[in-house]
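Protein chains in written order, with this note's numbering: chain A, 1 to 144; chain B, 145 to 575.
Hints in this document: simulated from the structure, not taken from any laboratory.
One side of the interface only, derived from the structure: several residues of chain B facing chain A at Cβ under 7 Å:
hint : residue
1    : Ser298
2    : Glu421
3    : Gly423
4    : Leu493
Just so you know, even glycine gets a beta-carbon here, dropped at the ideal spot from N, CA and C.
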Amino acid sequence: MTLHYDVPGDDMSLAGKASTEVKRALSRLGVNPAELKRVAVAMYEAEMNMVIHAGGGVANATIEPDKVTVVLEDSGPGIQDLDMAMQEGFSTAPERMRELGFGAGMGLPNMKRNSDYLDIDTEPGRGTRVTIVVRLGTPTGPDA
Amino acid sequence: MNGESFHSVTLDPAKCTGCTTCIRFCPTEAIRVRKGRASIMDERCIDCGECIRRCPQGAKRAVSDPLAALERFPVRVAIPAPTLYGQFDERYTVDHILCGLLALGFTDVLEVAWAAELVSAATSAWVREHSGQGPWISSACPAVVKLIQVRFPSLLDKLVPILSPMEAAARLVKERMYPGRDDIGVFFISPCAAKVTVSRCPQGTTASAVDGVIGIKDVYLPLRNILPGVPERPLGRARGKGLGWAHIDGESDALGDPRGISVSGIDDVISVFEALENGTMRNVTFIEALACPAGCVGGPLTVENPYIARGRIRVRERRIDALPEREAPLDASGFNILWQESVQPRPALRLDKDILKAMIMMEEMEVIAESLPGLDCGSCGAPSCRAFAEDVARGLAVKTDCIFKLREDVRKLAEQLIDMERMQPPGLDKD
Numbered sequence: 001m002t003l004h005y006d007v008p009g010d011d012m013s014l015a016g017k018a019s020t021e022v023k024r025a026l027s028r029l030g031v032n033p034a035e036l037k038r039v040a041v042a043m044y045e046a047e048m049n050m051v052i053h054a055g056g057g058v059a060n061a062t063i064e065p066d067k068v069t070v071v072l073e074d075s076g077p078g079i080q081d082l083d084m085a086m087q088e089g090f091s092t093a094p095e096r097m098r099e100l101g102f103g104a105g106m107g108l109p110n111m112k113r114n115s116d117y118l119d120i121d122t123e124p125g126r127g128t129r130v131t132i133v134v135r136l137g138t139p140t141g142p143d144a
Numbered sequence: 145m146n147g148e149s150f151h152s153v154t155l156d157p158a159k160c161t162g163c164t165t166c167i168r169f170c171p172t173e174a175i176r177v178r179k180g181r182a183s184i185m186d187e188r189c190i191d192c193g194e195c196i197r198r199c200p201q202g203a204k205r206a207v208s209d210p211l212a213a214l215e216r217f218p219v220r221v222a223i224p225a226p227t228l229y230g231q232f233d234e235r236y237t238v239d240h241i242l243c244g245l246l247a248l249g250f251t252d253v254l255e256v257a258w259a260a261e262l263v264s265a266a267t268s269a270w271v272r273e274h275s276g277q278g279p280w281i282s283s284a285c286p287a288v289v290k291l292i293q294v295r296f297p298s299l300l301d302k303l304v305p306i307l308s309p310m311e312a313a314a315r316l317v318k319e320r321m322y323p324g325r326d327d328i329g330v331f332f333i334s335p336c337a338a339k340v341t342v343s344r345c346p347q348g349t350t351a352s353a354v355d356g357v358i359g360i361k362d363v364y365l366p367l368r369n370i371l372p373g374v375p376e377r378p379l380g381r382a383r384g385k386g387l388g389w390a391h392i393d394g395e396s397d398a399l400g401d402p403r404g405i406s407v408s409g410i411d412d413v414i415s416v417f418e419a420l421e422n423g424t425m426r427n428v429t430f431i432e433a434l435a436c437p438a439g440c441v442g443g444p445l446t447v448e449n450p451y452i453a454r455g456r457i458r459v460r461e462r463r464i465d466a467l468p469e470r471e472a473p474l475d476a477s478g479f480n481i482l483w484q485e486s487v488q489p490r491p492a493l494r495l496d497k498d499i500l501k502a503m504i505m506m507e508e509m510e511v512i513a514e515s516l517p518g519l520d521c522g523s524c525g526a527p528s529c530r531a532f533a534e535d536v537a538r539g540l541a542v543k544t545d546c547i548f549k550l551r552e553d554v555r556k557l558a559e560q561l562i563d564m565e566r567m568q569p570p571g572l573d574k575d
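Put together the whole structure using the sequences plus the hints.
As C-alpha cells, then:
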C-alpha cells in the first residue's frame, strides 16, 4: 500500500508531519520498533531537508511486508555537490543556524545509516528525488 | 505476567452520561462510548488519569486501597510520595506530616523522597557511564513507561533501568528495615493512579514490594483533622533534592546534568517522544518525562492545585536544605536498585499480528476514513473519524454508527422508495 503526502514548504510547524503519519501507520502494522525507528529517522531527515532547502514537495511511502520505500520529490535548488554533502560534518547551513543546533552536517549521512538503500537523484536548479528503502524483518511483540 | 490487563482507572457507570468528553483527550484512543456509557479498552489504557481530570461528571476514578487496608498487617509502613507535603501549607513541617501518618495508624514511615535521592545518584551514574547511548528517559513515571510500551516501543531501550523511588523505598523497608519478616505491609501514599497499577503489575521487576496504594485524597482529610493535635518529632530525612521529585524539573535538578530536559503533561511528553524517535535530540542526555501537568503534584489523586503544591514544596526544599543533614534512616549500601527485567512492548495499537492482514485492514481503514465527514464529532463513540474508521476495519463498529453515514443511507433508501412507488405493474401501466 502507498501513503501519499503533500509536504508544504511554507509552514515549519507542520514539518515532520508526514514522517509522523508514516510512523503511526507502521506501528499499526506491527512493524518491529527498531525498523520503525530507522524509517522514522531517515524519512524525517529527508522531509526536513525538503522543507528547509526546497520549499516542500511530495512524499510517498510504499509499505510492503518485507520493505518500506519512501520517495520524496521536490523542485527545489538541488544539491550542488552530492559527494561533499554525504560527508559527516559537511553543511551549507550558516553559522547562525548551526548555533541553533541545525546544520550539523549529519543529515545525509544519518539518512544513509538508517536505510538499506538510499538513492539521491538531484540536479542543480531542477530538484531532488530521494529514495529510501528500509527492509523489514519479522514483526516482533510478545505474541507475534 | 499475571493481571496484565488490570488498570487502576475505571468508570462509575452510574455517573457516566455518555457525553464523549473523555474520548477526545485519551492519548492512546482507549475509550469508546457504547450504549450511552464510556468504556475503556484495557490493553490500551496507560493509566495516565487524563480522563479522570477531564470527566465533567466525575465518573472516572482510580481504584486504590482504603485506609482500612492497614488492618491486614501487624506492621504497617507508610511510604509517602513527596507530593503529600505540598498538600499542606507551611504551618505543618514535613516532620509534622510524617508524625500525622503515624497517628493515623501506621507503625513506621520511610520517605519516598529519601529513596528518590538514591535513585538520583544511581541515575546520575548510569547516564554518565552510558552517555553515548542516550538520551536516557526517566522510568519513574509509570504512565510514561506504559505510553512507551504502547505508542513508542522503539524507545524502550532508552528507559533508565532503575527502580522507581516508590519501588526502591518499598524494597528497602522489607530488605533493610524489617529483614526476614513476612508480616510487613508497605503502603504507598500516592498522587498517582498508575502507581496502583504498577504495584500489581510492576515494571522492571517481577513482583512489587508495595502491598497497598492509598490515594492522597483518601488520607488528606483524616490527616488534616489529626495534625493540629499531633506532637512533632524529627522523622524527616529527605533533603531538597528528594522533595523536588514531586514536581517537574525536580528530578533533572537532582541529576544536575545541564543537557537534560524535563517535560510534563501527556501531550507534551508525546511530542518530545515523537521528536526523539525522529532522531532530533542528539545533544540531550536525559529526559525527565511526567504524564501529569507540573509533574506528580498534578496527579489525579491529589487534592491541592498542582501549582500551589509545587510552590509549597519548593519552599520546603529551601528550608530543609538550610538545616543540618540528619542521619540516614537505614543503611542502603549494596542495595540493588537496578531493574531485574526489561519492559516489553505492548502492541495494543497493532491491527493484526499478520502484517499482510494488517495491511488489508489499513487499506480498508483509509477508504472508510476518506468517506467520513472528518468532523470528529464523537457521536459514533470514537474519538475521531480516523479512529472510527479503524474500529470499522477491526470489526468493532459498523459504518452506519456514523450519524452522517446513516443519514446518507436513509436518503438513498427514501429515494429508492419514491422510485419504486412510481413503478406500475405492466398490466396497469397506461403509457
